[in-house]
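Q: Sequence lines, in order, name chains A and B.
Residues in the first sequence are numbered from -5 upward in steps of one, following our numbering.
Residues in the second sequence are numbered from 469 upward in steps of one, following our numbering.
Hints may be right or wrong, so weigh each one.
As the list claims (entries may be wrong) - Covered stretches of chain A (in silico footprint by chain B; criterion: 3 or more residues with CB under 8 Å from a CB of chain B, positions within the stretch not fixed):
id	region
1	32 to 46
2	196 to 206
What the hints assert, rightly or not - Some chain A residues flagged as far from chain B (calculated, every beta-carbon gap over 10 Å):
id	residue
3	GLU160
4	GLY182
5	THR284
6	ARG361
7	MET366
Calculated from the structure, these hints are not laboratory results.
The C-beta atom is built at its ideal place from N, Cα and C for all residues, glycine as well.
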Amino acid sequence: MRYEKSMVTPQAPVSEAAMASFADYNFPDERGHFGRFGGRFVAETLTHALEELDRVYRSLIKDPDFQREFDRDLAEYVGRPSPLYFAERMTRELGGARIYLKREDLNHTGAHKVNNTIGQALLAKHMGKRRIIAETGAGQHGVASATVAARLGMECVVYMGAEDVERQSLNVYRMKLLGARVVPVTSGSRTLKDAMSEAMRDWVTNVDDTHYIIGTVAGPHPYPALVRDFQSVIGREARAQCMAIEGRLPDVLVACVGGGSNALGLFHPFIRDEGVRMVGVEAGGDGLATGRHAAPLCAGVPGVLHGNRTYLMEDEDGQIIATHSISAGLDYPGVGPEHAFLKDLGRAEYTAVTDEDALRAFHHLTRTEGIMPALETSHAIAWVMEHAPNMDPEQIIVVNLSGRGDKDILTVARHDGIDL
Amino acid sequence: MSRLATRFAERRDAGSSTLVTYLIAGDPAPSVTVAAMEALARAGVDVIEIGIPFSDPEAEGPDIQAGCERALAHGVRLRDVLDMVATFRQTDTRTAVVLMGYLNSVEAMGSERFAEAASEAGVDGVILVNLPPEEAGPLRSELEQRGIDLVFLLAPTTTDARAQRILEQASGFVYYVSLKGTTGAGHLDVDAVRERVTALRSMTPLPIAVGFGIRDGASARRVAQFADGVVVGSVLVRSMGDLAGAPEAIPAAAEALARELREAMDAA
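Take the sequences, apply the hints, and build the full model.
A: Here it is, written out as structure tokens:
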């Protein structure tokens, strides 16, 4: 019952003008468009594979056996449902809204990423693919991909920017232990965007036997819809849990946004509940004014990259510009097209938090609740620290605690001037 | 008849095949590009594809990725690429010029402004690797109004039904991607390509050029036996990149490479 109607990729196009309320929200259209965003902008060689993926996905999500298999894996392998935890001490110290943490950090492998890799690995199995490839930034998606590949006995290759290989060495070793091959990508800016380009190059070469597990709600259609649907288990659970605990829906949902899969997973089941405010927090890096950040929704323009039209950080010639964030998982110049659409519609709002504020939030949550968040997640916590005190104590914030921070300990120590 | 159509028709009538070569504007240095284009034309190249350098060339192999990075290091912009074509056109009105790149470069300039500027510069065709026909409508009509062909790619994975739909929108020529892979890959199966090109020929009157993985006179000759055009890119880009330290030697090297290809194809 957790995977009912909302799992189905919406088919019918709805004009934006007709959307006086969000009760009719039903995107993307059959060509993968979220209004002017999304689509399928890829080299012709990949079109057939994407059409095939779309076809298989649409049929499997209606298949009760597939749903049962996915459901069982999430329960018995991932450990779902993840708790909705009332952060009592943090709430008291901030002195405002009641703060709940959706504990995706407690999932197997330590982040929300595994919800999607479980789903896509099942798709790959049904399509008869024997090889999995993935891109990764912080390494969480790479670990989650390597994990499901190990479990299914599939070959796994993970592309990772050479810079990220250095700053996320623990996750690199985890992937290797799981039997994956980690390929450092040295082209371009040597980060997540270049890893994604390199994964697409692998896929175009090995498309017959390989499934590309994109780790976020970006890429060519059907990935943005497919990843969102697999991640929407977060929001469906949170919605039911909040109703059970508080007897009503939350006032605000907060999540960090890199590509945007944990945010959309939380937001999507609430889009039609117009009273629920949705806040996505991008990586402000050294501050939006410095240009050294990774906040395309706050400071980007629409463009086309990695198969979809979305907000991008680019210069006036359309060249993608280098991004910066202390968190490798947010260090990406684009964002999922549905976020771009929700921004334009005004249904979700997007803001940015600097590296410094994210680090402060990392320490704060660790000390007040004994929960060490990922640096990505710390951006969402920082928003809560700033805004919860100004809210009414009757109000409810649900923040997606998208991942745990063990992987970031070396980065935090280095920042604090400690040599481990 | 358009310059592109004429270049294909002439070679076909002569019992040969059209030679298409690719280089990246501004690679390895902006001062080299026009001279290299002139050298290619002298060697018998019929169509010059000019790559628009892009920061994230996701369909390219290592050679063209490196070439894009070299050009971008010189700050080459789409505006500069068009200026190079315009300069080339001052002395050469015969060789067809096709811009090749990624959609974001064109979108950043705006479809209408781009089409206008390309027309003024003397561009004959445009290939955008990540622009599928389903999304191409507005740009295609802007280009069409100015007599510029929007060239589409077909791949080994393209189904017949889809090929039919693409061919209905295609103009200029059809670019058949010879292999599953990135540019410059090394696993060309000429017999499989021949079979597919023969099948496509029954579906379109347009000339069919074959690219990806053709790296020397021998492979160019084999493809020229059945294709209307042979596209050579990565090997030229690599040889130009290898001469980055001696840019004055690049036009002659490009000319020698093109001549070898031309002679091999004419012997086909």
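Q: Each hint should be assessed against the structure and marked as holding or not.
A: Against the structure, the hints come out as follows:
1. 32 to 46: With 11 residues close enough to chain B, the hint holds.
2. 196 to 206: holds (count 5)
3. GLU160: holds (20 Å)
4. GLY182: Its Cβ does come within 10 Å of chain B, the nearest being 7 Å, so this is violated.
5. THR284: holds (20 Å)
6. ARG361: holds (40 Å)
7. MET366: holds (34 Å)
Hint 4 from the earlier list is the only one contradicted by this structure; the remaining hints agree with it.
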